[in-house]
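Knowing the structure of chain S, use the given hints to seat chain R on it.
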Amino acid sequence: MTSIGTGYDLSASTYSPDGRIFQVEYATKAVENSGTAIGLKVKDGIVLAVEKLIHSKLLVPEANRRIQTIDRHIGLATAGLLADGRHIANRARDEAVNYRDAYDAPTPLKILADRLGLYVQAYTLYSSVRPFGISTILGAVDKDGPSLYVVEPSGVFFGYNGAAVGKGRQLAKTELEKLNLQELTIREAVYEAARIIYLVHEDAKEKEFELELSWIGQETKGVHLQVPKDLQRDAEAKAKAALETFE
Amino acid sequence: MDHFPTNWGRPRNDAYDAYGTFPLPHRPNNNTKDAFASAVQRTQQPIVTGTSVLALKYKDGIMMAADTLASYGSLARFKDIQRLHPIGNYTVIGAGGDMSDFQYIQKFLQELIIDEFTSQDGHDLGPAQIHEYLSQVMYSRRSKLNPLWNSLLVGGFKDGKSFLAYVDLLGTTYSASTLATGYGAYIAQPLLRKEVEGKEDTLTEEEAARIMETCIRVLYYRDARSIDKYQLATITADGIKITDSRPISTSWSFAEGIRGYGAQTQ
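In the order they appear, the protein sequences are chains S and R. Here full-length UniProt numbering is used: the first residue of the first sequence is 1, the next is one more, and so on. Here full-length UniProt numbering is used: the first residue of the second sequence is 1, the next is one more, and so on.
Next up, chain S with everything else stripped away, as it sits in the complex (with noise of 0.2 Å):
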């Protein structure tokens, strides 16, 4: 970090003589920290998980969620600074309502990550403001199937097959690139997406964590909800079971 105290990274609307913006690059850094969020395109649906990281015992079970409802159709999982997670997901529901208001339709995602994707850019124009710390993972079933979309902090976004973010992302995605996701059905994925995150949280295995899952697929309706309890319990313990004999 040669370029701390150059006086080019206090703010976002500079560049460095070299022609980076380092508050972005910061923000990024904001994301790494957190825990891990992967997101699976399949052949009938999208698959999000999102490995919480508990920093206090009182709090209560299932707070603080991660991955949130857009639309009916779309799901929002974040991972960096939680309040931020909130405003995008705030701002991602005003996009929505505001496309189905003027064409009476459901959003498709490509319109809506786009959007985003201008909004979240916007907050790296400005001194008087800072980018976001977090890196957003967009999933949806549309009119064109299912779809799955990150948002980088630079505002940059792009489709992908499957998405991790977060701390252990380069091992999800090494696990993800194993997997066949054309063929995989949603509730398969749901148990790759538990055992990956599994996976991954070895490495801070101090810390405790919650498995959040949701799916949107034909089995939902086309509606992004929360995996079913029962489902999610068997996921969580074949999960821990795929632990013992990894590697």
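Some hints could be false.
[To be verified] Derived pair list, reagent style DSS-like, types lysine-lysine, alpha-carbon separation capped at 27 Å:
(1) R/59 - S/110
(2) S/143 - R/107
(3) R/144 - R/59
(4) S/143 - R/241
Calculated from the structure, these hints are not laboratory results. A quick note: this is a predicted structure, and the numbers were derived from the prediction, not measured.
Only chain R this time, still in chain S's reference frame:
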């Protein structure tokens, strides 16, 4: 742009143009203007309208019925319009009055339902909540002298309890075990009361459907803004069912005996 300099900023005045020097077609119009011409205009009347909606309580929940006509004045303009609309998983609203206002109501209630859904707090809106919300909207709109020109029935079934209530363009609300809007309030309501009151807990779905068909038929005979196709909605513990539009059988043979209509025998 007014190209007549003498007209700028002042009305036509003989002191400036005493001899009418402007060519007639181009002479500026300096008549006094209607003071209300640019004022806010409100809805004064409904345009495309639906007629009566009927609803009753029966053993398993709520049954609602409405014909499928949307009239343009006295013209039967749209013959296959659905006037019973599901909101969420527990509620059906049925509308008489202005159909574009009804479509607007459908839109903002849909938005409300989605807003509640996205909060994912384990609660969802039942018929009582939707009726209360709707009545607040209707009353606030009439208080702005800009009413949504409808009379609506809200029927639903949630947590083992059935719900049936009315709300109209004035924000008036009431509740009963049988309800009817529009012409139906005069023609069908007495029939419904006679058949239903006191039997809300025993009436079967078949009996209820038969009562509804009778009322729709009577309305079709008497109401000149009705049509002989209708839909039935049931809201029960099993959820919402709205039938496709179905015809009613009618018999006009008696018309032959009406003096001045049938063959003249005297």
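Hint check results:
A C-alpha spacing of about 48 Å is found between residue 59 of chain R and residue 110 of chain S, which places the hinted pair above 27 Å, so the restraint is violated. Between residue 143 of chain S and residue 107 of chain R, the direct Cα distance comes to roughly 20 Å. Compliance with the 27 Å bound is thereby established for this hinted pair. Straight-line distance between C-alpha atoms of residue 144 of chain R and residue 59 of chain R comes to about 41 Å, which puts the hinted pair past the 27 Å bound. Under the criterion of a C-alpha separation no larger than 27 Å, the hint pairing residue 143 of chain S with residue 241 of chain R is consistent with the structure, at around 25 Å.
Hint check: violations occur at hints 1, 3; the rest are consistent with the structure.
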